[in-house]
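Visitor: So the chains spell out like this:
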Amino acid sequence: MKTASPRLENAIELIDNSEIFELSRESNPSKYRILEYELIENLYEYTQLLNSDRYQDMGLEIVETAADCLRSYDKNRGLFTHYFLASLSRRVNKEQAIRNAIETRGGIVVPKKVQKQITDIQLIAGTLGRDIEDEAVIETSAKYLDVSTARVRKLTWLNAQCAVVHNSETEDAVGVLNLISDDFVLEDYVFEKTSLVEIFNAIEICFGRCRRSQQEVVSQLLTLRLLSCPQDIIQLALNRSFFDSTLYQNYINTGHIPTARDISSKLNKDEASTSRTFSTFGKKLKDYLSELH
Amino acid sequence: MRKVIICNVAMRESVKPLVYQTDDKSLCISEQPVTYPILSCLSGLLSPDDSIKVVLLCKCDPNCNYLRNVERFKKEFTDHCGGIVADPEYRILDTEFDEDKTETERMLSKLVAECEDGAEIISDTTYGSKTMPVVLLAALSFAVKHLACKVQHVFYGQVYFQNDTPTNPRLCDLSYLIYLNSLLYTLRCDSSDKARKALDLLLKF
Chain W
1 MKTASPRLEN
11 AIELIDNSEI
21 FELSRESNPS
31 KYRILEYELI
41 ENLYEYTQLL
51 NSDRYQDMGL
61 EIVETAADCL
71 RSYDKNRGLF
81 THYFLASLSR
91 RVNKEQAIRN
101 AIETRGGIVV
111 PKKVQKQITD
121 IQLIAGTLGR
131 DIEDEAVIET
141 SAKYLDVSTA
151 RVRKLTWLNA
161 QCAVVHNSET
171 EDAVGVLNLI
181 SDDFVLEDYV
191 FEKTSLVEIF
201 NAIEICFGRC
211 RRSQQEVVSQ
221 LLTLRLLSCP
231 QDIIQLALNR
241 SFFDSTLYQN
251 YINTGHIPTA
261 RDISSKLNKD
271 EASTSRTFST
281 FGKKLKDYLS
291 ELH
Chain D
1001 MRKVIICNVA
1011 MRESVKPLVY
1021 QTDDKSLCIS
1031 EQPVTYPILS
1041 CLSGLLSPDD
1051 SIKVVLLCKC
1061 DPNCNYLRNV
1071 ERFKKEFTDH
1081 CGGIVADPEY
1091 RILDTEFDED
1101 KTETERMLSK
1111 LVAECEDGAE
1121 IISDTTYGSK
1131 TMPVVLLAAL
1141 SFAVKHLACK
1151 VQHVFYGQVY
1161 FQNDTPTNPR
1171 LCDLSYLIYL
1181 NSLLYTLRCD
1191 SSDKARKALD
1201 LLLKF
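Here the protein sequences line up with chains W and D, keeping their order. So the first sequence is numbered by the working numbering: it starts at 1 and just counts up by one. So the second sequence is numbered by the working numbering: it starts at 1001 and just counts up by one.
The set of hints was computed from the structure by calculation and includes no laboratory data. Any given hint could turn out to be false.
Unchecked claim - Label pairs and their calculated CB-CB ranges:
(1) K94/W with K1016/D: 55 to 61 Å
(2) S213/W with D1117/D: 19 to 25 Å
(3) E1116/D with N239/W: 46 to 52 Å
(4) R90/W with D1164/D: 36 to 42 Å
(5) L227/W with D1190/D: 25 to 31 Å
Claimed, not checked - Covered stretches of chain D, going by a simulated chain W footprint (3 or more residues, C-beta under 8 Å):
(6) 1021 to 1033
(7) 1181 to 1192
Unchecked claim - Heads up, simulated DSS-like pairs for lysine-lysine below, C-alpha to C-alpha not over 27 Å straight-line:
(8) K113/W with K1110/D
(9) K1150/D with K75/W
(10) K1150/D with K1110/D
(11) K1101/D with K1074/D
(12) K1197/D with K112/W
(13) K112/W with K1194/D
(14) K1204/D with K75/W
(15) K1130/D with K1101/D
(16) K1130/D with K1150/D
(17) K284/W with K94/W
(18) K1194/D with K94/W
(19) K94/W with K286/W
(20) K1025/D with K75/W
(21) K1194/D with K113/W
(22) K1025/D with K1197/D
(23) K1197/D with K94/W
(24) K116/W with K1101/D
(25) K116/W with K1194/D
(26) K94/W with K1025/D
(27) K1053/D with K1075/D
Yeah, the Cβ is synthetic: ideal placement off N, Cα and C, and Gly gets one too.
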């Protein structure tokens, strides 16, 4: 279920209106501790209602993120659910990348440091929208990891040597979606560096600078991603130039959520191309936001 | 606000009243000695607008000490909280002394029946048989999960006996265990190691 169901709305209300934000641990330690546990349970249920596939089995990641967010949250900067979700998304992306890396090597264990380096290379490849063995990925990874390009090649070779070949069509689609998800700016930036309205303003400006053919891709993929966001975020995006109201209306009427593959096919483009367009847009948006802050 | 006070009644003949200490600065502790630890701070947790029900959980000990201890609770309640709540509704839940499956089930069932929907619950599990705290925590967990009750406190009066004399009385609050337990049953992790890490982190809260 992607719309804000009554249960989801109830969970959001319980979280954002928790007494914990009006209380200090020192003034009432027993009550504070109870409220912490209650809040985390509500957050866990909130994530399951949002996307049970993505957040399933992420109990530890949710507890860690909630603990970090509670320490650093400033209620003047927006709702806790938004702040938490932005942090959790980054945490889960990282965890998912680690799990994917382990899965593709068929459970063969490599030293932790090597594993981390491979994960970083995979994330860089995802961000650039290129294959892991692409020269641009290798050069960027070498700079990021502060190692030689030969070392990066060896790491990608190690990853490839241990890879288990999967041959499923659905996995290809998931792979493309992951590329989009890994680089999705809303969840990465919202309420950490700026407000949601500022983010949407920035998207609008960067969207306006895109060519028409790029706008077609970005608009649909952005709207697709927004469908999994809470209803209040969707409402804020409804009248923006980048929001594809046809796709949204079709979703409201039929409940059908197109895949990235569906969108590419409708636009007569291949998935790699649409994925690259979207990644490039994400990078431009990040650059724009970095200049702002 | 409907408030339900649940207290396990002592089975011993003689229980020495004590003055309890706590680190929780939100609690206003009485300087007068009390037999039941909950009464050392209960007056500060009630208001004249509250509708109060007191549930006394008893084990019918062979010497019937529980009957005297019920009366002692009522007297101490009046002494400490009478100025706020003059005439609370009392419910005495007595169960047979023998511990068997039926008695435990009966105790749980009776306790849950006393937990009204949406009520705030304050309890004390210092005295009574060893099964009582377990049953009380089970009942309170049910009340929180299914009856929209809020458990404010589960008090336990800790003392250290030196030559049969209770010393260093401290008021502990175990209410967090109910919420922690609920959370731990809800969370799902992809390995036992991660579940242990989550527990370790939650215990540091």
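Visitor: Next, verify each hint and record whether it holds.
Guide: Outcome of the hint check:
Between K94/W and K1016/D the CB atoms are about 57 Å apart, so this pair conforms to the stated range of 55 to 61 Å. The hint said 19 to 25 Å for the Cβ distance between S213/W and D1117/D, and at roughly 59 Å that hint is violated. With their beta carbons about 48 Å apart, E1116/D and N239/W fall inside the hinted range of 46 to 52 Å. Take R90/W and D1164/D: their Cβ atoms lie about 59 Å apart, and the range 36 to 42 Å is violated.
L227/W and D1190/D have their C-beta atoms about 26 Å apart, which keeps the hinted 25 to 31 Å range intact. Requiring three or more residues with a Cβ within less than 8 Å of a Cβ of chain W, the coverage given for the segment 1021 to 1033 of chain D holds, as 4 such residues are present. Given a C-beta distance limit of less than 8 Å, the hint that chain W covers the segment 1181 to 1192 of chain D holds, as 7 residues qualify and 3 suffice. In summary, the hint linking K113/W to K1110/D is not supported, as the alpha carbons are separated by about 57 Å, beyond the 27 Å threshold.
With a C-alpha separation of about 25 Å, the suggested pairing of K1150/D with K75/W holds against the 27 Å cut-off. Taking the CA atoms of K1150/D and K1110/D, the gap is about 18 Å. The hint holds against a cut of 27 Å. Under the criterion of a C-alpha separation no larger than 27 Å, the hint pairing K1101/D with K1074/D is inconsistent with the structure, at around 30 Å. For the given pair, K1197/D sits about 18 Å from K112/W by alpha-carbon distance, which is consistent with the 27 Å threshold.
Note on K112/W and K1194/D: the hinted pairing holds, with a Cα-Cα distance of about 17 Å set against a maximum of 27 Å. Of the pairs offered as hints, the one joining K1204/D and K75/W holds, with about 23 Å between alpha carbons and a cut-off of 27 Å not exceeded. Distance restraint check for K1130/D and K1101/D: the Cα-Cα separation of roughly 14 Å lies within the 27 Å cut-off, and the hinted pair is therefore satisfied. Proposed proximity of K1130/D and K1150/D is supported: the alpha carbons are some 24 Å apart, at most 27 Å.
Taking the CA atoms of K284/W and K94/W, the gap is near 22 Å; set against the 27 Å cutoff, the hint holds. For the suggested pair K1194/D and K94/W, the alpha carbons sit about 16 Å apart, so the restraint of at most 27 Å is met. Among the hinted pairs, K94/W with K286/W is consistent with the structure: their alpha-carbon atoms are about 18 Å apart, no more than 27 Å. A distance of roughly 25 Å separates the Cα atoms of K1025/D and K75/W; the hinted pair therefore holds under the 27 Å criterion.
Between K1194/D and K113/W the CA atoms are separated by roughly 20 Å; this keeps the pair inside 27 Å, and the hint holds. Taking the CA atoms of K1025/D and K1197/D, the gap is near 30 Å; set against the 27 Å cutoff, the hint is violated. At roughly 18 Å between alpha-carbon atoms, K1197/D and K94/W fall within 27 Å of each other, so this suggested pair holds. Between K116/W and K1101/D, the direct Cα distance comes to roughly 53 Å. Violation of the 27 Å bound is thereby established for this hinted pair.
At roughly 18 Å between alpha-carbon atoms, K116/W and K1194/D fall within 27 Å of each other, so this suggested pair holds. Restraint check for K94/W and K1025/D: the C-alpha separation of about 41 Å exceeds 27 Å, so the hint is violated. For the given pair, K1053/D sits about 15 Å from K1075/D by alpha-carbon distance, which is consistent with the 27 Å threshold.
When each numbered hint is compared with the structure, violations occur for hints 2, 4, 8, 11, 22, 24 and 26.
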